[in-house]
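Letter by letter, the chains look like this.
2 protein chains.
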Amino acid sequence: MPFSFDFQTRSALIAFLLLLAAASSLAQQPQAASTLQQITSELEPSNGVWTAQQIAAMGRLRDAALRDAYATTELQHLTDNIGPRLSGSPQAQQAVEYVAAEMRALGAEVQMEKTTVPHWVRGVETGQLVSWPGMGPDATQKIVLTALGGSVATPAEGLTAEVIVVDSLKDLNALSPDAVKGKILLFNEHFDKRLAAQGLGFEAYGQAVAYRAGAPALGASRGAAAVLVRSVGGAEYRLPHTGMTEYDPQLTKIPAASVTAEDADLLVHLTSQGHVRMKLTLTPQTLPRADSYNVIADWKGSEHPEQVVIVSGHLDSWDLGTGAIDDGAGVAVAMQAIHLLSQSGIHPRRTIRFVAWMAEEEGSDGAQTYLAEHSGDIANHVGAIESDSGAGHPTGIYLAGKPELQAWLHPISQVLEPIGATQLVISKETGADISGLTDKGVPSFAPLQDGRFYFNYHHTAADTFDKIDAHELNENSAVMTVLAYALADSPQPAPR
Amino acid sequence: MPFSFDFQTRSALIAFLLLLAAASSLAQQPQAASTLQQITSELEPSNGVWTAQQIAAMGRLRDAALRDAYATTELQHLTDNIGPRLSGSPQAQQAVEYVAAEMRALGAEVQMEKTTVPHWVRGVETGQLVSWPGMGPDATQKIVLTALGGSVATPAEGLTAEVIVVDSLKDLNALSPDAVKGKILLFNEHFDKRLAAQGLGFEAYGQAVAYRAGAPALGASRGAAAVLVRSVGGAEYRLPHTGMTEYDPQLTKIPAASVTAEDADLLVHLTSQGHVRMKLTLTPQTLPRADSYNVIADWKGSEHPEQVVIVSGHLDSWDLGTGAIDDGAGVAVAMQAIHLLSQSGIHPRRTIRFVAWMAEEEGSDGAQTYLAEHSGDIANHVGAIESDSGAGHPTGIYLAGKPELQAWLHPISQVLEPIGATQLVISKETGADISGLTDKGVPSFAPLQDGRFYFNYHHTAADTFDKIDAHELNENSAVMTVLAYALADSPQPAPR
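As they're listed, the protein sequences go chains Z and C.
Under this note's numbering, think of the first position of the first sequence as 794, with each following residue one higher.
Under this note's numbering, think of the first position of the second sequence as 794, with each following residue one higher.
If you're looking for bench data, these hints aren't it; they were derived computationally from the structure.
The beta carbon of each residue, even a glycine, is placed where N, CA and C say it ideally should be.
Take the hints with a grain of salt, since some may be wrong.
To be verified - Cβ pair distances, simulated, as ranges:
| # | chain 1 | residue 1 | chain 2 | residue 2 | range |
| --- | --- | --- | --- | --- | --- |
| 1 | C | Ser1065 | Z | Leu859 | 23 to 29 Å |
| 2 | C | Val917 | Z | His983 | 32 to 38 Å |
| 3 | Z | Glu1210 | C | Gln921 | 43 to 49 Å |
| 4 | C | Gly1067 | Z | Arg1082 | 32 to 38 Å |
| 5 | Z | Ala898 | C | Val923 | 28 to 34 Å |
| 6 | C | Gln921 | Z | Pro926 | 49 to 55 Å |
| 7 | Z | Pro1211 | C | Gln1066 | 34 to 40 Å |
| 8 | Z | Lys1093 | C | Ala967 | 35 to 41 Å |
| 9 | Z | Gln1285 | C | Val923 | 44 to 50 Å |
| 10 | Z | Arg1070 | C | Ser1168 | 44 to 50 Å |
| 11 | Z | Arg987 | C | Ala967 | 49 to 55 Å |
| 12 | Z | Gln1161 | C | Val923 | 42 to 48 Å |
Pulled out of the complex, with its shape left as it was, chain Z reads as follows:
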């Protein structure tokens, strides 16, 4: 999960872009034409920052990115050979060592930055209806669910209670204070698939994920025995979506799981007819925090090696799938940036720093460690890029920072025009792991991607290597590499 919950700015900008598109289709009309002239003059072809030689080098990096099999091969190794990489797991450690070795092999200067991470381990997770309206003798019904990340366990033999369904906090507040006491409370907030189908998956995610995070506190405050949420995601294949939940330290920690959209619908239907009782068994364990690492690999700058541009993704993943779209893809794309520089022998003025962040899924502990360890050095961070929204076809770049960045980067969008990645969209957020840097004024960036399908697989067992289109993965690598080169080789750092 790359973004937190404030989407107003991005929404406004997307709306603005849609308006631009509409304006473009009205180009025959005099009024619209004058608007277009204004836009064109704002974003003029060359802004004098980069030389023709530099622009040509960017074109070569872009083309090399599209031909390079490196990211795909690395991603398949991370997902197939190493597998799921939950923070604190043996595979997460294996991935740290593997990526460090690969970066060393490319000639980068590698540093293992120690951090501590949550160590939560999934256990048994089953749901079964034990009574419901219309139930026949000896009948059973399975409820497909998965524990939310960080959930406490039920008793090992399970807990059995009545299920109460609410569609929203408003519905919950309308119930009598004791209505959910001792019961299993399901928040049936729907993921808006129509928004996602229009490419606004993060908008849909932002709307629904608040319940995933807040459910245990909302339930515990009313005495619920456990909470369920409708899966936050777009799949219709009886597939539960996991993800981190949160506890209020002042309240009882109650077990929390995510049911599939189908099972939520079933519970809605049956509870509308009468009393429904369910047995819920979750046996996850929260072990002592574990040692782990951010993998940092510097491709040293030729003029200002102390100044850095970060290219990054997060190396940890959820445990149900193998973390291909979230976020092996981001790590692989960032690895490929170093591979392309190594292959071409280019050393830009400033250092390009690869980072494979640890524990993004469970609180971004790696990123917090980085921020603390580099607190005296923020001024030397001239830019930070993270890819953590999958590997769909990129249509441009999200940027967080001064509005001037948009015009400053215009030549880059032209270099990326052959792959269709021309949009430069100002956003408050670019990536969770670089949000601390963003907050301290470091210009930050993310590929802007076709996200129509991301939330079908996100945080599920189906987040596997086959979901990756190798060409689109390379398009993202082209975006990250060209942008990183531009930030690292400009005469002056990007405006901040």
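Once you've looked at the hints, dock chain C against the given chain Z.
What follows is chain C alone, placed relative to chain Z:
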């Protein structure tokens, strides 16, 4: 699964229809126009079988079908309130009693036809890689799988063996005779999703399902310890597809499971790199055969009550989902035919016989019993309809019987024109449960449906009520009801 494996005839006919469509688009050209005239004259608007009053009654039944909430409500009860209905299970018995009571409530004459059925019960089913190329210390990898119907169990503690992958029987035959001895053999035959996307899902199914059925014998004949098949279906959501498998009584019965497409790809990739060992645990039980029933409900004919037209679907389902598309939908559509006759008070000349078949998924025992019980009465069966391909928008009718049936039914296709169900496609097969009647010369029929999505859900946990579009369900009910009325009220029975 409604059809067996011979699809040549249907394919040829679909190709013919595509040619017709192409011809239609060339209608401006003289040559094509003359072809069209020929077709039009063959299928003239009225063939004199039914009166204008009867045609008007069909139109009223069609319109009433589209407005009726009965099928949807019944289907939701079967799937949500009763749940999975595996042969021999308590829920299958509950469904028998429920459907019989519903048919009695409509005024039909109900008969419970006793049959015996397989009683196979799914157990634990897990797959785990225990060693593979690139495996790190303490690493684990889950293989998502489900036992095939009828599979024997592994030892309770599982069996661990090397995995060998073959893409086809040809590949298997190319291996040395001992190559799979003691090993777990995966047949990686792909379900052709491109065929399915073109509406030829049954073609794709027919190609791949032979391995699902034949795998245990192929494996056992070479000494394999167990067999796996790549799931026969189109889903890309880490969803295993179950379905019946077969044993050769001359050979050792070895455990058989279906892995997801993703897990098959993983095994292909890892075995291409070196040795892969897997622990497979399946604990299904094959219990003694159980008593069960076909539910038969006669809506008595006014002139020839001894002559019958069957409307049907199968009541049993696989156990992973709740059997909505396979085949609660078929049962509900057939129930609605009786509901519409009951509501309208129409009693056609002949009896319309509702049948909810039992045990289609595990060998069609119910249908075999029916055939044996009614062997002296086949001549009185003037037609049989089964819906067992989901509830997608119907584009016409499959028919098995004399070629004259096509012209004979032309007025029916005109009545169904407002819902787009105009195609009359001759097929060798219509439905598994009515194939015995077909073989004995009874004209048989099935709705011809948009099957692009059926095999995404077929035999999986995701075959649930939400997959049903209520309007399309009603369109199918319109097809079945109008056709049944036409067969039951024609002056003479359909040509046979």
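Results of checking the hints against the structure:
no. : hint                                 : in the structure
1   : C:Ser1065 with Z:Leu859: 23 to 29 Å  : 25 Å, holds
2   : C:Val917 with Z:His983: 32 to 38 Å   : 33 Å, holds
3   : Z:Glu1210 with C:Gln921: 43 to 49 Å  : 48 Å, holds
4   : C:Gly1067 with Z:Arg1082: 32 to 38 Å : 35 Å, holds
5   : Z:Ala898 with C:Val923: 28 to 34 Å   : 29 Å, holds
6   : C:Gln921 with Z:Pro926: 49 to 55 Å   : 38 Å, violated
7   : Z:Pro1211 with C:Gln1066: 34 to 40 Å : 35 Å, holds
8   : Z:Lys1093 with C:Ala967: 35 to 41 Å  : 52 Å, violated
9   : Z:Gln1285 with C:Val923: 44 to 50 Å  : 56 Å, violated
10  : Z:Arg1070 with C:Ser1168: 44 to 50 Å : 48 Å, holds
11  : Z:Arg987 with C:Ala967: 49 to 55 Å   : 50 Å, holds
12  : Z:Gln1161 with C:Val923: 42 to 48 Å  : 36 Å, violated
Checked against the numbered hints above, the structure violates hints 6, 8, 9, 12; every other hint is satisfied.
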